[in-house]
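Student: Using the sequences provided together with the hints, build the complete structure.
Below, each chain spelled out in residue letters.
Protein chains: 2
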Amino acid sequence: MYKIVQTQGGVCLADGFFADGVSAGLKPNGAKDMAFIYSESLCEIASVFTTNKMAAAPIIHFKSKGSFETNFVLVNSKNANAITGDAGVEDIKDILQTLSQEVHHPIMSSTGVIGVRLPKEKIIAGAKLFDLSKKEPHSAAKAIMTTDTFSKEIALRVELADGSSFNIGAMAKGAGMINPAMATMLCFITTDADVSANEMQKILNDTTAKTFNAASVDGDTSTNDTVLLLANKKSGAYNATAFHEALHTIMHFLAREMVRDGEGATKLVTYEVSGAKDDAEAEVAAKALSDSLLVKTALYGEDPNWGRIASTVGASGVACSQESLQISFEDVCVYDKGNIYFDADIEAKASLVMQRDAFTIFCDLGQGKGKFTAFGCDLGHEYVKINADYRT
Amino acid sequence: MYKIVQTQGGVCLADGFFADGVSAGLKPNGAKDMAFIYSESLCEIASVFTTNKMAAAPIIHFKSKGSFETNFVLVNSKNANAITGDAGVEDIKDILQTLSQEVHHPIMSSTGVIGVRLPKEKIIAGAKLFDLSKKEPHSAAKAIMTTDTFSKEIALRVELADGSSFNIGAMAKGAGMINPAMATMLCFITTDADVSANEMQKILNDTTAKTFNAASVDGDTSTNDTVLLLANKKSGAYNATAFHEALHTIMHFLAREMVRDGEGATKLVTYEVSGAKDDAEAEVAAKALSDSLLVKTALYGEDPNWGRIASTVGASGVACSQESLQISFEDVCVYDKGNIYFDADIEAKASLVMQRDAFTIFCDLGQGKGKFTAFGCDLGHEYVKINADYRT
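Just so you know, the protein sequences line up as chains A and B, in that order. Using this note's numbering, read the first sequence as starting at 1 and increasing by one per residue. Using this note's numbering, read the second sequence as starting at 393 and increasing by one per residue.
Worth flagging that the hints you see were computed from the coordinates, not collected in a lab. Just so it is clear, the structure is predicted and the values come from calculations on it, not from any experiment. Hints should not be assumed to be uniformly reliable.
Unchecked claim - Straight-line distance between alpha carbons at most 16 Å, and here's what the computed EDC-like set of lysine to aspartate or glutamate pairs gives: (1) A:K234 x A:D86; (2) B:K419 x B:E513; (3) B:K729 x A:D86; (4) A:K53 x B:E715.
Tutor: Here's what the structure looks like:
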């Protein structure tokens, strides 16, 4: 048995981790735009990166290093260092070189505009402002924001049956799930659990599939998406089941926070697809729903337009039929295997559900036992405004 | 040698075809909402339908009949007769039964709201208003519109070297490429060419892939999408190459008209992808571009944001790299194999291109000889308005 307790401290909760944000003048309004995470001892690393074939320079640089341990991550916002070619990778080496006296195998991570070289001198000057003894996780979380309207942090303490315990903390930024010119999904997780890199990587892969990869704001995939998990093992404690559950809680929370803060989003909608032929088909159907423009605009209009749900599932290519499909908005069934329940009374009840900030749409395909849960948001005028006008 | 001449007459140009639209009271404003196409002799049929597994009752009914010839198509707008189960198919049989004295194996086609039974009595009464001697193609084209802002028609006469000739005419409706609750893509093509059903079907499949299936307003696929091609052979003339070219001209024109009239669209954008590993990969990349929310909102904002183009191609999963990619807005190159040309001068030129109503974005992946051309539109406030508010 174990206990998972939510607490404060973000990426600095785990023993031996430090973090802070500074202002290096990348954001024109003087807001914080560079953050670091430092560990007083070396960390093993697990990572997940974008599948985009135009992966940004920080990702190319990280992958080129092969297997290594680190005690330092440098993050900048406002410039993604993406599609900047070899020069973008050289810029990273030059920047990290200036830190080589203090830290070991530093990692760089970036988010912001694509196709523009990093302002190297500003970043080097910014890095000189870092005070590695600072534990300011909230300041770090603020510094990595782009179009995010709030920072995203969580910290958990895991208490094991033998009295030992370990900690996991995280910060993330999202905004457009992927708006490749302004935003990106970045997530940094720190832990003092005594977990090996291999074990962490396995758990991280599994958890990413069910959390960040189940979340969609606009269905695009950025050049910079990054999840980094650093373990310095200082607690000496570990339990795989507890670690897996705590990591899932953290990443599930952050994925939902990112969608909730999606560009222009006013609603967080969960799509629980069940009864698919298998889990893979459930995932296809659930993601088709969370990505459909017609579904997203109906959500924004608070219109319980179940026909768009049915049609989107039908168009997704998974096994389904109108004779076996069931659709509910929370506990309000609107369509049940050929029976259309959609009279004025049901419509009123379904409309009430849709006026909530967050709710679940259940969709049972009646074909098998496959299931998947995806998170999405609505698409309203603000999304168009942010994405059409962002450079002006 | 042959000559293709654009002319008037829509679906009534081909010899022996008649058409008209009537008002049956389905549209609350009294606009025309039912159309027919009648041929004085029986027609062979080629058809393409939606791949949506929730295909609407008219499609289920058509497919259940196996191979047949017809001389009559009845089309209604405002109600899609989709996801209405066996009852929806029975409704069609009841309606068509009332026409059985006058016409042979009539076909029904519907577009409009999903999940509502057809107003059978109104449609039967509407069908009694049809005058089969009328040649009013424009009235028919108007009657099948939903959120379309203009009707879509074209007619071609094909003059062969031996002095013989045949005609092809068509009408279509689009709006949301697929807005499953209000719109659908329907296209009806009539010809007096002496072409066999098998040959027509082959040519129709090939042409559909390069025209309607290359067009996207919102990336969804309706429950009702239908292309019907009817040939009564009355001209006695035929030439396969000329027929293929004329059909391509017709469907290419209508596909572009549909995108130009996409819900809320202000721009018609052509994506010419070349240099892909093969044609299939070029198609994936081109369609990813025409479907990307981030690209579509940048178009609306007239922002020559080439980073979104590059990132979308990278995310589409096709073979590509920043070292071999080239991007141009018409003749303005913005990115060339690692060279970012995007200074203020180029940005100004690219912005001018984007202010046009229609333009082409060229994207060469530098991987092989695969190519594909897709059509798309921008996504602006009107799209959100139409789709969020449409039932209120």
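Student: Of all the hints given earlier, name the ones this structure violates by number, lowest first.
Tutor: 1
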